[in-house]
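Visitor: Keeping the supplied structure of chain A fixed, place chains B and C upon it in accordance with the hints.
Listed below are the residues making up each chain.
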Amino acid sequence: MKYKALTAIAVALSLPMAAFADADDDTLVVNDEITMVTKAAAPAHVADVLDEVMSGWHFRSDETQALQKDDFENPAMVFVDQAIEAWETVDGSEGKSCASCHDDVETSMKGVRAVYPKWNEQAGELRTMAMQINDCRENQMGAKKWKYTGGDMAAMEALISVQSRGMPVNVAIDGPVQAIWEKGKEMYYTRTGQLELSCANCHEDSYGMMIRADHLSQGQINGFPTYRLKNAKLNTVHARFKGCVRDTRAETYKPGSDDFIALELYVASRGNGLSVEGPSVRN
Amino acid sequence: MEFSRRETLAMGLGAAVLTALPFRVIAAAEDKIAEFTGGADLADTGVELTAPEIAENGNTVPISVNAPGATAILVLATGNPTPGVATFNFGPGAASQSASTRIRLAGTQDVVAVAKLADGSFAKASAAVKVTIGGCGG
Amino acid sequence: MASGVKPRVKVPKKAAAGEAVTIKTLISHKMESGQRKDKEGNVIPRSIINRFTCEFNGAMVIDVTMEPAISTNPYVEFEATVPEAGDFKFTWYDDDGSVYDESKSIKIA
Numbered sequence: 001m002k003y004k005a006l007t008a009i010a011v012a013l014s015l016p017m018a019a020f021a022d023a024d025d026d027t028l029v030v031n032d033e034i035t036m037v038t039k040a041a042a043p044a045h046v047a048d049v050l051d052e053v054m055s056g057w058h059f060r061s062d063e064t065q066a067l068q069k070d071d072f073e074n075p076a077m078v079f080v081d082q083a084i085e086a087w088e089t090v091d092g093s094e095g096k097s098c099a100s101c102h103d104d105v106e107t108s109m110k111g112v113r114a115v116y117p118k119w120n121e122q123a124g125e126l127r128t129m130a131m132q133i134n135d136c137r138e139n140q141m142g143a144k145k146w147k148y149t150g151g152d153m154a155a156m157e158a159l160i161s162v163q164s165r166g167m168p169v170n171v172a173i174d175g176p177v178q179a180i181w182e183k184g185k186e187m188y189y190t191r192t193g194q195l196e197l198s199c200a201n202c203h204e205d206s207y208g209m210m211i212r213a214d215h216l217s218q219g220q221i222n223g224f225p226t227y228r229l230k231n232a233k234l235n236t237v238h239a240r241f242k243g244c245v246r247d248t249r250a251e252t253y254k255p256g257s258d259d260f261i262a263l264e265l266y267v268a269s270r271g272n273g274l275s276v277e278g279p280s281v282r283n
Numbered sequence: 001m002e003f004s005r006r007e008t009l010a011m012g013l014g015a016a017v018l019t020a021l022p023f024r025v026i027a028a029a030e031d032k033i034a035e036f037t038g039g040a041d042l043a044d045t046g047v048e049l050t051a052p053e054i055a056e057n058g059n060t061v062p063i064s065v066n067a068p069g070a071t072a073i074l075v076l077a078t079g080n081p082t083p084g085v086a087t088f089n090f091g092p093g094a095a096s097q098s099a100s101t102r103i104r105l106a107g108t109q110d111v112v113a114v115a116k117l118a119d120g121s122f123a124k125a126s127a128a129v130k131v132t133i134g135g136c137g138g
Numbered sequence: 001m002a003s004g005v006k007p008r009v010k011v012p013k014k015a016a017a018g019e020a021v022t023i024k025t026l027i028s029h030k031m032e033s034g035q036r037k038d039k040e041g042n043v044i045p046r047s048i049i050n051r052f053t054c055e056f057n058g059a060m061v062i063d064v065t066m067e068p069a070i071s072t073n074p075y076v077e078f079e080a081t082v083p084e085a086g087d088f089k090f091t092w093y094d095d096d097g098s099v100y101d102e103s104k105s106i107k108i109a
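Residue numbers (our numbering), protein chains in the order written: chain A, 1 to 283; chain B, 1 to 138; chain C, 1 to 109.
Just chain A, with the same shape it has in the complex:
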C-alpha cells in the first residue's frame, strides 16, 4: 500500500477504521442455504491487472454484512415482494402479465441474471435486463415502459436476480458483443470530470483503501440491484454508474444509454466467477 503522509494521518486519526482497511475474510451464506462465492480467481480478461475478484460485501461493516445473510433481515426483500405482485399483475393493451408468458418466476427466470447483459440475436442488439423487461412490457404486454432506474424496474430486476442467487456470473464478451465490450473497457480506464478519475483509479488501483469514510470496493456489480442504507431503497447499476461519474465532477451519461450499456457489460464481465448476490445490501 502506498499511503501518502496525509492519508496516513487521516487513518491514524480514525484508528477504529484501520481495523477494516482491507477486504475481510468472512463467508457469506444466505438463509443458511446459499453459499456465495465472494472471492474468485480473476477471469482471464482481467488477470493482467487483478489476481482475485471480490464482492463489495467484503468491504462493508459486520452490521451491514449481516443484513444480507437472511432474507428477512434484508430490506431489499420488501421490494422483491412488491415485484412478485407485479409479476402476476395484468398491465397494458394485451391483457397479459409477466406470468402469462413466463409462468413461475422461480423456474423461468433461473440463471437469467447471471448472463446479462446478453446479445439478442433477433433484435441484433446487446440487451441489459432492464431493456429486456421494457421490451416485454412494450411489445408483448402493450404496457408503458418503466423508467430505466425507477422503483418498479429495480424491484423486478431484484426478483429476477433472486432466482440466480449463488450461480456464477458468466457474461459473454466475445462474438457479436466484443466491440461493445472493448468500448466499455476503454470507458473504464478513461479519466473523466474535473477530478480526472477513471473507474480504475478507485476500483482497481485503490480498492481496500478509504475515500474519506467510505471503504473502496472493486466496484463489482454482481450484487445489483442493491439496497443502500443511505437512501433506503433499491439502486440499479446505471443509477450507481451515474452517481460515480457525477462524483468525478463530469457530465454523466444517461441511464440506458449505449455508453452505460457498454460499461455495464464490461464491469459485469470483471465479476465473472463471483456469485449473483442481488439484491445485496450496501451502505
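You can take every hint at face value.
If you want the ones that stay clear, here's a sample from chain A, every Cβ over 10 Å from chain C, calculated:
| hint | residue |
| --- | --- |
| 1 | 47 |
| 2 | 49 |
| 3 | 119 |
| 4 | 121 |
| 5 | 140 |
| 6 | 195 |
| 7 | 242 |
List time: in silico DMTMM-like cross-link candidates among lysine to aspartate or glutamate, alpha-carbon distance up to 25 Å:
| hint | chain 1 | residue 1 | chain 2 | residue 2 |
| --- | --- | --- | --- | --- |
| 8 | C | 13 | C | 55 |
| 9 | C | 89 | A | 70 |
| 10 | C | 104 | A | 85 |
| 11 | C | 10 | A | 70 |
| 12 | C | 13 | A | 32 |
| 13 | C | 89 | A | 73 |
To be clear, the hints were calculated from the coordinates, so they are not data collected in a lab. Remember, predicted model here, so these are calculated numbers, not experimental data. In this text, a Cβ means the ideal position worked out from N, Cα and C, and glycines have one as well.
Guide: Below, chains B and C without anything else, positioned relative to chain A:
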C-alpha cells in the same frame, strides 16, 4: 493576532450560540428521561444496550436492548433533533425483556437506554456511536 | 392509507410448550420523519408508524412506541413464550389513522 474588547465579546457570543444547541438537545433527552422515571435515581447495571461503535450510515443503525425482568425500556438518541427513538413495553407473553430494531442517527452521538426494572427502580446504559460521512455521494 | 405498506412477520411454525421463540417483524413504510424538506424548502410533514404491538392468544407480548428516529421499513425483533398452541396477532398503527395487522399461528411440537 490581537483582539479588541468588542471582538472578544463578539466571539464569546458566537461561542455561546454554538454551544447552546447541543445543550438544548441534551436537555431534551434529560427531560424525556425524567418524564419516564419521575426523577428517580438511575443504576448503572440492569440494562444492556448494544450498538455498533461505528455506523457506516446513520440511516440504519442496528441496536439491541436487554433488561431482564424490566417492564419497559426507553431508548433515546441524545444527538438527534428530537431525542425520542422508541419505548419497548413488555407484557406477560414476552420470553425476555429484550428487543432489536434499526434506528436513525443524525451524527456521532450517545445512544441511551433507560429500563424500568421489576422492582420499580431504574437503570441506564449508554453507547457512543460514531456515524461516518461517506466519500461518495452517489 | 399510505401506499405500499406491507407487513412481514417471521414466526416458527411450531414450538415446544413453554419454549421461547424469536419473532422478527418488518413493515414497509417510509417513516417520513418530519425533519426533511422538499425541493421548494417546505417541511415534508411527519408520517410514521407510531406504535407496534404483538399479542399471543390475547396476552400482551410487546407494545412499542415508535418515534421518527426509527428507520425506514421499521424492524422489530423480540422473544415470546409459547405456553400453548395459538395465534400471534401483530398490529401497526400509522400516523394517518390506518391500522395494519397480521396474524400467525403456531403449533405445539
